[in-house]
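Protein chains in written order, with our numbering: chain W, 3 to 306; chain X, 3 to 306.
Since the hints were derived computationally from the structure, they do not count as laboratory data. Keep in mind that the hints are not guaranteed to be accurate.
Identical copies go unnamed one by one, so any copy, or any two together, can satisfy a pair.
[Claimed, not checked] DSS-like, lysine-lysine: derived pairs with alpha carbons at most 27 Å apart:
1. K260 - K234
2. K255 - K123
3. K90 - K123
4. K62 - K122
5. K234 - K219
6. K62 - K129
7. K231 - K123
8. K165 - K132
9. K132 - K77
10. K77 - K231
11. K20 - K62
12. K77 - K151
13. K132 - K265
14. K283 - K227
Protein chains: 2
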Amino acid sequence: MPVQFGDDVSAVDLGSGKLAVIKTDMLVGKTDVPPQMNLWQAARKAVIMNISDLAAKGVKTLALLVSIGVPRGLKERDIVQIGEGLNKGAREYGAYVLGGDTSEASDLVISCAAFGIGEKKRLMLRKGAKPGDIVAVTGLFGNTAVGLKILLQNLSAPSRMRKALVDSVLMPHARLNEGLALAETGAVTASIDSSDGLAWSLHEISRASHVGFLIDKLPIAEEAKKLAKIHKLDPVELSLYGGEEYELVVTVKPRLWKKANEKVSLIRIGCVTREKTLVLKAGKKTFPIEARGWEHFKTSLSKS
Amino acid sequence: MPVQFGDDVSAVDLGSGKLAVIKTDMLVGKTDVPPQMNLWQAARKAVIMNISDLAAKGVKTLALLVSIGVPRGLKERDIVQIGEGLNKGAREYGAYVLGGDTSEASDLVISCAAFGIGEKKRLMLRKGAKPGDIVAVTGLFGNTAVGLKILLQNLSAPSRMRKALVDSVLMPHARLNEGLALAETGAVTASIDSSDGLAWSLHEISRASHVGFLIDKLPIAEEAKKLAKIHKLDPVELSLYGGEEYELVVTVKPRLWKKANEKVSLIRIGCVTREKTLVLKAGKKTFPIEARGWEHFKTSLSKS
Chain W
3 MPVQFGDDVS AVDLGSGKLA VIKTDMLVGK TDVPPQMNLW QAARKAVIMN
53 ISDLAAKGVK TLALLVSIGV PRGLKERDIV QIGEGLNKGA REYGAYVLGG
103 DTSEASDLVI SCAAFGIGEK KRLMLRKGAK PGDIVAVTGL FGNTAVGLKI
153 LLQNLSAPSR MRKALVDSVL MPHARLNEGL ALAETGAVTA SIDSSDGLAW
203 SLHEISRASH VGFLIDKLPI AEEAKKLAKI HKLDPVELSL YGGEEYELVV
253 TVKPRLWKKA NEKVSLIRIG CVTREKTLVL KAGKKTFPIE ARGWEHFKTS
303 LSKS
Chain X
3 MPVQFGDDVS AVDLGSGKLA VIKTDMLVGK TDVPPQMNLW QAARKAVIMN
53 ISDLAAKGVK TLALLVSIGV PRGLKERDIV QIGEGLNKGA REYGAYVLGG
103 DTSEASDLVI SCAAFGIGEK KRLMLRKGAK PGDIVAVTGL FGNTAVGLKI
153 LLQNLSAPSR MRKALVDSVL MPHARLNEGL ALAETGAVTA SIDSSDGLAW
203 SLHEISRASH VGFLIDKLPI AEEAKKLAKI HKLDPVELSL YGGEEYELVV
253 TVKPRLWKKA NEKVSLIRIG CVTREKTLVL KAGKKTFPIE ARGWEHFKTS
303 LSKS
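Extracted from the complex, chain W is given alone in its bound form (with noise of 0.2 Å):
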């Protein structure tokens, strides 16, 4: 098997050092959908959280299907919502949704499987990080959380802001171009996608590498660090333990750093080590990394 159990993605051997990879990746209402989240907005985002797994590993999707249990009381133009939201995540990362199907169900689930063609070689796993590599991500990392404290518990921000941060959660937005640019150096030894939270990434590829991680640097967003002053959150909490990002988390290897870094912007946090355990360095002080991430909130998209 070419890709072990447990990675983001699957694959099949095509021959000819070619791989079939695919994924799929369930979106249910009740617990993927914040309530201000319309209906094509859960369905682009749908298709962007499977886009995303296989961008980490390196491969474009190049097709997807849908399977979507509808809910009784969705009207024919909350599935033409669906339709197009499902099309346009795909079309904004050169995929297409090829076909799929509809049942009847008590929440609204959009079950997608994405498709694409990846290189043996150049494939990013959850396995593969090395003791001295670089620990890396494509982004900063804060706002979702603190999106969806303003959506879900009508936490305040400057209008300036508030906007910005709202639409980390609503519209996010798949590393794809970062993940195929990363395959292409070779510098990458392990790649995971954010979506669970940094904490959780970190904890994914430690349990699959056999290796530990001291983050030296938290890469937190700014607009995440002003709004937890104002409202006296803890940046290190909303950071690394956020979750819904879609960074790249990757491992990178030292002599090829500057080239990746050449090729896709990256920002260093810390470093790969032999201990299996996941530390933070903050001035003189470590804490631990918790092996806990994104919660679903549980809310009902309807009613029923």
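Put chain X on the given structure of chain W with help from the hints.
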């Protein structure tokens, strides 16, 4: 696009005459799982549904991914049952469940994505039936409709028949060998499985191929006939509008009929007509074949 929208599967051109063939189908507890079907059987069925769709196109399923929506109240041993049912269904047909994920949901939802490699020139589509072609099926119809009545309406049945009729519902089989062998012959001009009922399948081929059908020999199973007699049921209704049979419904070039029949035991039921009507001929009478089929039964697996 190698396969048009609305066919049973989707495909991505891999070059060199090969296609990546993919399909998703969602099994929803509420509508697809009779109360007497256990989780192991439901999971197995979810896999068979997809393998059958690829088989009808002449493609062997290599790998499956599964997204499971788990209702609250399911125990760990229930999830194990689901996993074992999925694997059993896959292994019966030489396929592997490569991965998947679970989410919390209100219903039991099992969404499978099936993947296989097909030869472009061998793919059997819904489109392609020509006037004069022979219409044939791979098995007899009616037993699943009776089996469902036994399960849902407590219909009585002679004990020597009861198990087979109920098993036809709880333990469906996909016609994989038949599909692969038929694709090899090059004799088939259109193909579909009969999961939504014989009448519905004929209408799907009719729509996609722009042809009609004259059915002069209804393929009614002996058991269904007997039960129809005992309970004064309409055998035509049972065999045409039942559903969940997973037989193949194919149209065959007359000059290759013998060749096809040497490979697969086919039952001739009529012929393809230029006129786009679907007609059942019984003695000197004719009846329209209606575009209706398998209606999901509305029962809830869990009481929530």
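Earlier hints that do not hold, by number = Violated: hints 1, 3, 7, 8, 9, 10, 12.
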